[in-house]
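Protein chains in written order, with the working numbering: chain A, 1 to 280; chain B, 1 to 280; chain C, 1 to 280; chain D, 1 to 280; chain E, 1 to 280; chain F, 1 to 280.
Think of the hints as simulated: they come from the structure by calculation, not from any bench.
Model, not experiment: these values are computed from the prediction.
Heads up, some of the hints might be wrong.
Heads up, the list lumps identical chains together, so a pair's fine if it works in one copy or across two of them.
Calculated cross-link-like contacts (lysine to any residue; reagent style SDA-like; alpha-carbon spacing at most 25 Å) [claimed, not checked]:
(1) K75 / K137
(2) K91 / K137
(3) K126 / R15
(4) K137 / G84
(5) K137 / P93
(6) K169 / W266
(7) K126 / G42
(8) K137 / G42
(9) K75 / R185
(10) K169 / G277
(11) K137 / I69
(12) K91 / T68
(13) K91 / L238
(14) K137 / A7
Protein chains: 6
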Amino acid sequence: MIEPLPAILVEPIVRAALTEDLGRAGDITTDAVIPATAAFDGVIAARQPGTIAGIEAARLAFFLLDPTISLGIEKPDGTAVAAGDVVARVKGPARAILSAERTALNFLCRLSGTATATARLVEAAKPHRARIVCTRKTTPGLRPLEKHAVRAGGGVNHRFGLDDAVLIKDNHVAVAGGIRAAVERARAAIGHLVKIEVEVDTLQQLEEVLTLPVDVVLLDNMAPEMLACAVTMVAGRLLTEASGRVNENTVREIAATGVDYISSGWITHSAPILDLGLDV
Amino acid sequence: MIEPLPAILVEPIVRAALTEDLGRAGDITTDAVIPATAAFDGVIAARQPGTIAGIEAARLAFFLLDPTISLGIEKPDGTAVAAGDVVARVKGPARAILSAERTALNFLCRLSGTATATARLVEAAKPHRARIVCTRKTTPGLRPLEKHAVRAGGGVNHRFGLDDAVLIKDNHVAVAGGIRAAVERARAAIGHLVKIEVEVDTLQQLEEVLTLPVDVVLLDNMAPEMLACAVTMVAGRLLTEASGRVNENTVREIAATGVDYISSGWITHSAPILDLGLDV
Amino acid sequence: MIEPLPAILVEPIVRAALTEDLGRAGDITTDAVIPATAAFDGVIAARQPGTIAGIEAARLAFFLLDPTISLGIEKPDGTAVAAGDVVARVKGPARAILSAERTALNFLCRLSGTATATARLVEAAKPHRARIVCTRKTTPGLRPLEKHAVRAGGGVNHRFGLDDAVLIKDNHVAVAGGIRAAVERARAAIGHLVKIEVEVDTLQQLEEVLTLPVDVVLLDNMAPEMLACAVTMVAGRLLTEASGRVNENTVREIAATGVDYISSGWITHSAPILDLGLDV
Amino acid sequence: MIEPLPAILVEPIVRAALTEDLGRAGDITTDAVIPATAAFDGVIAARQPGTIAGIEAARLAFFLLDPTISLGIEKPDGTAVAAGDVVARVKGPARAILSAERTALNFLCRLSGTATATARLVEAAKPHRARIVCTRKTTPGLRPLEKHAVRAGGGVNHRFGLDDAVLIKDNHVAVAGGIRAAVERARAAIGHLVKIEVEVDTLQQLEEVLTLPVDVVLLDNMAPEMLACAVTMVAGRLLTEASGRVNENTVREIAATGVDYISSGWITHSAPILDLGLDV
Amino acid sequence: MIEPLPAILVEPIVRAALTEDLGRAGDITTDAVIPATAAFDGVIAARQPGTIAGIEAARLAFFLLDPTISLGIEKPDGTAVAAGDVVARVKGPARAILSAERTALNFLCRLSGTATATARLVEAAKPHRARIVCTRKTTPGLRPLEKHAVRAGGGVNHRFGLDDAVLIKDNHVAVAGGIRAAVERARAAIGHLVKIEVEVDTLQQLEEVLTLPVDVVLLDNMAPEMLACAVTMVAGRLLTEASGRVNENTVREIAATGVDYISSGWITHSAPILDLGLDV
Amino acid sequence: MIEPLPAILVEPIVRAALTEDLGRAGDITTDAVIPATAAFDGVIAARQPGTIAGIEAARLAFFLLDPTISLGIEKPDGTAVAAGDVVARVKGPARAILSAERTALNFLCRLSGTATATARLVEAAKPHRARIVCTRKTTPGLRPLEKHAVRAGGGVNHRFGLDDAVLIKDNHVAVAGGIRAAVERARAAIGHLVKIEVEVDTLQQLEEVLTLPVDVVLLDNMAPEMLACAVTMVAGRLLTEASGRVNENTVREIAATGVDYISSGWITHSAPILDLGLDV
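Assemble the whole structure, with the sequences as input and the hints as a guide.
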């Protein structure tokens with residue numbers, strides 16, 4: 001159900017990771033120890049329950065090292081797995097498979113970690129309308145993949161970068177001399193397909209935002225009661241997003257306030273990996 | 001005390017991260033909202049206690065966007081910080097600082113997260129001789145930086161890639177037809193500056209390893225009692241490394257077995273970030 | 001008044017252009033003919049009236065070849081010039097200046113051509129509210145610079161790529177099985193900071209769009225009377241954009257229909273250069 | 001009849017253009033709206049008469065996004081087309097075709113624009129011996145493709161860069177202290193496979209050139225009568241090239257003077273695109 | 001018998017070499033002279049006796065230009081050839097084969113030159129235990145290929161770079177303040193899979209090294225008698241490597257001293273090519 | 001007297017060489033052993049007589065690692081040196097100097113080797129008019145630098161690649177069906193600034209070439225008497241170039257035949273390095 005990223009975007013990242021690992025001499029262990037003709041027939045299996053993301057990156061890691069390796073995907077991105085589930089079947093020359101193994105798993109475990117963390121927040125927020133969104137607190141160099149992993153976990157993507165939407169934060173307001181000045185300058189500068197979001201910390205700021213041509217308001221670090229109050233004040237006139245202290249324990253309470261979106265940096269910057277391994 | 005990586009190795013990684021965030025149009029919020037002449041004078045501060053790593057990457061993120069930004073480093077890599085500590089002072093054009101902020105923090109928070117996790121394991125293992133080492137379970141594209149962060153946390157680096165040491169694992173042994181065959185082939189193929197490590201799961205395997213020209217034995221997933229027994233069997237004839245289920249709770253017990261090294265994938269693949277922020 | 005692009009985005013493009021021109025041996029004419037110590041003191045002057053864009057790219061072309069060349073900018077991006085006006089003063093080693101001259105001018109003339117074409121449309125549309133916007137019909141590899149040139153000419157940017165807004169075109173509608181289906185699928189998939197624009201060719205299609213959660217409607221290839229009718233139907237409920245057969249002769253009439261935006265591919269794909277030259 | 005460029009030279013340019021358009025998230029419209037299984041069967045058709053160039057770049061744009069897309073070329077580079085002619089048939093997965101469409105057309109329309117402009121000059125000059133040549137006034141990053149488009153239009157290529165022939169221009173002469181000095185220095189420095197061309201503005205300069213070991217003389221900005229006089233003076237002793245104010249209206253008169261070559265910057269820097277579109 | 005390098009490491013080097021040769025216009029001779037349909041069926045043959053290395057790079061040179069070219073390898077890397085021997089059969093489109101010929105041969109001749117030189121030293125040292133090793137005196141950009149060529153010639157690889165082993169040289173000792181200080185600092189800093197080698201010029205220095213935790217001693221520029229004495233002193237406690245003035249004339253005498261390794265810069269920095277050519 | 005290459009062409013090559021040597025962890029020896037504050041003040045000295053080339057590449061190797069290193073050049077490219085001569089003075093941080101040393105010397109020694117070999121041929125040919133030229137038998141990736149080194153040695157450059165001149169060789173003639181056909185096709189296809197050279201093995205072929213519009217004839221593998229005969233036949237109507245079996249012993253005799261140019265592959269593909277070292 002999750003649309004894959006175009007391979008042309010993923011391939012350079014996987015290629016760089018492979019060459020980072022191969023260094024200048026390649027896999028000296030495998031080249032010395034494994035006969036060139038040895039075949040490998042194994043599986044990538046989950047060692048704990050979670051949600052899969054990054055299977056295409058894993059496939060490319062094997063493919064770029066040797067295009068004759070076949071990867072039979074059993075659990076595509078966005079699928080929930082139980083401990084022990086086979087995620088993919090790997091078949092081909094033993095040398096290339098063993099040499100690419102770590103790179104493939106590094107992508108798959110990490111991205112599945114983000115998908116799993118996202119899915120947990122999504123699950124916790126489910127009784128309510130709030131959707132889980134990510135932030136720009138991603139791993140340098142892996143943003144397209146991590147944004148994809150968030151989608152695989154059932155989340156929604158926030159900005160992909162500094163250039164695809166306006167997000168006016170506290171530091172901007174401070175230097176610009178107020179919310180109104182900041183919004184007006186932004187509105188004058190941007191194109192008609194760009195949205196404006198403004199971060200507020202207080203209900204007073206929110207009141208000002210409600211008088212301005214703003215699309216989304218970011219309610220930062222507000223307690224649930226205050227959030228609920230903010231949602232009431234907004235009354236559907238613009239979209240609301242809550243951020244700050246979002247985790248598995250707090251997300252349900254935040255969702256219950258009626259906000260439209262809840263953003264979490266944790267799902268990309270601190271989620272533990274999902275443990276997966278390659279078994280014969 | 002921690003030697004910095006050569007900038008020539010770090011710069012391309014930071015440059016790629018910056019352009020990933022800037023996209024095709026740059027920081028449209030800041031360009032619209034902040035006057036070109038506005039100055040910024042602030043600090044990067046720790047929001048929780050931990051160990052710093054990645055300050056050079058953060059410095060480069062600012063520098064590459066605008067070389068007139070000055071970053072006064074107060075807590076260099078390897079330094080322990082308390083919540084509230086100023087890590088660096090940032091001064092220069094407000095626009096460039098706000099545009100580079102997230103990229104700089106993404107490096108600094110993530111690498112400090114690894115350094116902090118490492119430092120915790122190091123601390124826990126301290127009464128014993130065991131040193132904490134990392135693995136190849138690193139973030140694709142960031143290996144040199146994460147290996148550096150491990151050093152900043154007081155750890156020691158394992159292999160940097162597939163090409164700088166031999167590590168014969170269970171899959172190698174299975175395909176090669178035994179430990180002896182694998183070690184002999186490796187010994188014949190490699191140069192005189194390359195070491196050989198062999199992974200064993202049982203004391204029987206360890207016995208075989210002790211008869212072979214091996215430099216290090218990796219004792220994988222052994223219970224503490226079995227580890228202690230293995231260390232006794234080895235009796236200093238080669239270096240011992242324990243792996244598997246290493247975390248803050250278990251590391252002291254593992255260290256107490258007398259192993260020389262304890263390797264942890266967690267410090268690079270699942271350590272949460274250290275929370276740091278940019279404040280005016 | 002036009003915010004410059006970050007140099008980190010422009011530099012690789014200029015560097016590639018310089019090395020494309022220098023080839024494998026550099027400027028064999030200048031190296032042979034011009035003494036290494038010769039100095040050059042000249043100006044870049046306009047040979048016809050227009051609007052300047054690309055001065056930073058020109059500056060980088062000189063700077064990357066020799067950082068001791070100084071470029072004194074007299075007419076920054078977005079400035080109107082008359083024939084004969086001095087745009088910048090160039091001073092430094094004659095060799096490097098002559099070697100970089102063509103690359104610098106290739107950027108400056110081409111981007112000023114786009115800015116000039118945009119400014120003409122903007123001027124023609126002026127009595128009305130309509131703003132001029134660009135398209136994705138840009139020169140491969142130069143999109144960030146051409147989008148910037150459009151801003152320099154007083155225009156507004158449309159999408160920077162396929163990933164920063166939804167634009168549902170006739171081919172999408174055809175394959176998706178109708179406008180409603182297409183819009184609903186898009187709305188379900190995208191984040192809360194992404195806008196949706198739909199292209200329509202008929203007023204009947206427009207009527208359907210007006211019942212859907214759409215932000216902008218693209219009125220494609222409609223005659224002025226039909227456009228005016230469409231604007232009346234929309235009645236400000238969403239933004240209107242006209243496209244098709246937009247040129248200096250037609251733009252005023254199109255603007256007079258009351259549309260919010262008029263998009264032109266011509267300003268990026270077919271605008272002639274603005275003639276500028278380097279004189280001693 | 002026109003030899004294609006090696007794909008190894010074209011591919012990186014097309015790849016860069018594709019990723020420029022796909023950004024960090026790919027084609028969010030198509031991914032959301034078009035089912036993954038939908039097929040597309042359409043044609044690239046000419047909307048106006050002209051000469052085709054760039055079909056290989058267009059083919060690569062589709063191929064790089066999805067190698068299963070087939071492009072059946074009906075009008076290879078160098079072919080004249082009428083409005084309505086089918087240039088190529090495109091068949092394959094609808095998603096990938098729609099995502100690559102704009103990039104493919106951006107190359108094809110632009111390069112065909114240059115081929116068409118060239119062909120018009122070639123046609124106008126036809127009764128005479130003069131051949132049409134391009135300049136270094138090309139689009140940064142696209143020089144190999146634009147030089148190829150000139151050949152597709154029946155033109156001949158001038159220098160590919162600063163390193164493959166000597167062209168001594170007015171600025172060189174001014175700094176070098178005269179034409180003779182400049183030519184002698186060049187002759188002493190260059191290899192035996194490099195030709196020397198000298199730009200002259202007056203017949204007096206031409207007289208000096210005729211006494212020097214020069215291969216080609218560039219007669220810049222001379223009126224037709226003066227050009228004819230120059231051709232007579234040269235009397236076939238070296239090749240003659242006319243430049244300046246070359247366009248469809250003037251080229252026949254210039255050709256009639258008997259010059260060997262007529263160079264035009266317009267065909268690469270200001271030719272409008274040839275309008276082509278993708279139709280179901 | 002020699003394991004090939006992963007193509008992912010070799011391909012970028014070959015690609016860069018091909019584009020270096022093709023420049024901006026490709027092979028203008030072949031494109032003009034050879035019909036597009038012409039086929040070529042020929043062989044790469046040795047013109048002098050030697051040892052082959054680099055056949056994969058040669059294969060990639062042809063493959064990258066045209067994947068339909070077939071290269072039937074008769075003498076894989078590491079094979080000895082006589083003058084006249086066919087190394088590989090090349091079959092496919094004449095144009096692509098002639099265009100790639102020089103690049104393919106440049107790799108093959110150069111790398112076979114290194115393999116041949118290595119094989120000669122290996123042969124000369126044969127009666128003794130000493131193995132031939134290379135240095136870091138390699139061609140910039142070709143280190144992985146040249147290290148591979150050394151293996152093809154029967155040699156063993158020394159360090160691949162500055163990061164995979166410690167080699168303490170005279171300059172290090174001078175600045176560090178003595179061998180003991182240097183070794184101790186190194187031992188404290190490095191991981192457990194890194195070896196330490198120390199260069200000594202005198203037997204006195206050797207004596208000091210024998211008291212330190214060092215893996216290999218580099219006996220630099222010692223006369224054979226002194227070398228023999230050093231070997232006796234070491235008595236197998238660590239590995240010995242001789243360097244300095246190693247060539248075909250001296251290597252046997254050096255080997256006879258009983259050293260374990262003899263390192264030669266000559267095999268990578270000054271070995272003449274092995275003459276090979278492409279014949280119809 | 002030798003014009004330096006633009007740094008923009010040399011820098012990427014040196015940067016790649018440095019990172020090839022630094023790997024993923026940098027210079028672990030120097031970082032561990034040398035204090036960060038240690039300074040180095042030394043010289044690069046010649047250990048044997050020769051001609052210098054590549055000093056700019058060496059300078060960049062130091063500069064790219066640490067811009068505070070100063071390199072005082074005493075013997076610029078093209079200068080003859082005696083054994084013991086100081087080529088440059090190096091001063092700055094000891095760590096960076098020791099880390100960059102090998103990369104700097106790898107460039108300098110290799111390129112000076114080519115310059116020295118060229119200078120020897122030039123010297124041997126001196127009584128005669130013949131000039132020494134290089135070929136395309138260069139090191140993959142280093143062609144611009146090696147062509148420069150040939151100039152530093154007093155030689156002249158042949159083609160830089162397949163695209164800047166036509167060279168019709170025996171294989172071309174064979175497939176094209178004769179010299180005349182080949183030359184005519186080439187003449188029709190190429191621009192007016194491109195020269196044509198034809199390779200001949202016999203005087204009969206030479207006779208045919210003399211009837212065709214050819215600029216240079218390559219007299220391949222002819223004995224001196226035959227060469228002299230060919231020169232007489234040509235009688236200055238076109239340039240003559242001799243190739244085949246050119247070395248220090250044969251070059252004088254070849255030059256005495258009166259040919260204009262003598263081309264040597266040996267100076268780039270098999271010249272030994274010039275031995276230079278870094279001394280405190």
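Structure-based check of each hint:
Taking the shortest Cα distances, K75 and K137 sit within 25 Å of each other only across copies (22 Å), while inside one copy they are farther apart (27 Å). In this assembly of identical chains, the alpha carbons of K91 and K137 lie at most 25 Å apart only when taken from different copies (23 Å versus 36 Å within one copy). When the C-alpha separation of K126 and R15 is checked against a cutoff of 25 Å, the pair qualifies neither within a copy, at 38 Å, nor between copies, at 39 Å. For the identical chains of this complex, K137 and G84 are inter-copy neighbours only, at 21 Å across copies versus 31 Å inside a copy, given an alpha-carbon limit of 25 Å.
For the homomeric pair K137 and P93, the shortest alpha-carbon distance between copies (23 Å) is at most 25 Å, but the shortest distance inside one copy (38 Å) is not. For a Cα distance limit of 25 Å, the shortest separation of K169 from W266 inside one copy, 19 Å, qualifies, whereas the shortest one across copies, 34 Å, does not. In this assembly of identical chains, the alpha carbons of K126 and G42 never lie at most 25 Å apart, being 37 Å within a copy and 40 Å across copies at closest. Taking the closest pair of Cα atoms, K137 and G42 come within 25 Å of each other only across two copies (20 Å); inside a single copy the shortest separation is 35 Å, beyond that limit.
When the C-alpha separation of K75 and R185 is checked against a cutoff of 25 Å, the pair qualifies only between copies, where the shortest distance is 24 Å, while the shortest distance within a copy is 48 Å. Taking the closest pair of Cα atoms, K169 and G277 come within 25 Å of each other only across two copies (13 Å); inside a single copy the shortest separation is 42 Å, beyond that limit. For the identical chains of this complex, K137 and I69 are inter-copy neighbours only, at 22 Å across copies versus 34 Å inside a copy, given an alpha-carbon limit of 25 Å. In the homo-oligomer, the alpha carbons of K91 and T68 lie at most 25 Å apart both inside one protomer (9 Å) and across protomers (24 Å), since each shortest distance falls under that limit.
Taking CA atoms no more than 25 Å apart as the test, K91 paired with L238 passes in neither setting, with 52 Å inside one copy and 36 Å between copies. For a Cα distance limit of 25 Å, the shortest separation of K137 from A7 qualifies both inside one copy, at 24 Å, and across copies, at 23 Å.
The earlier numbered hints that this structure contradicts are 3, 7 and 13.
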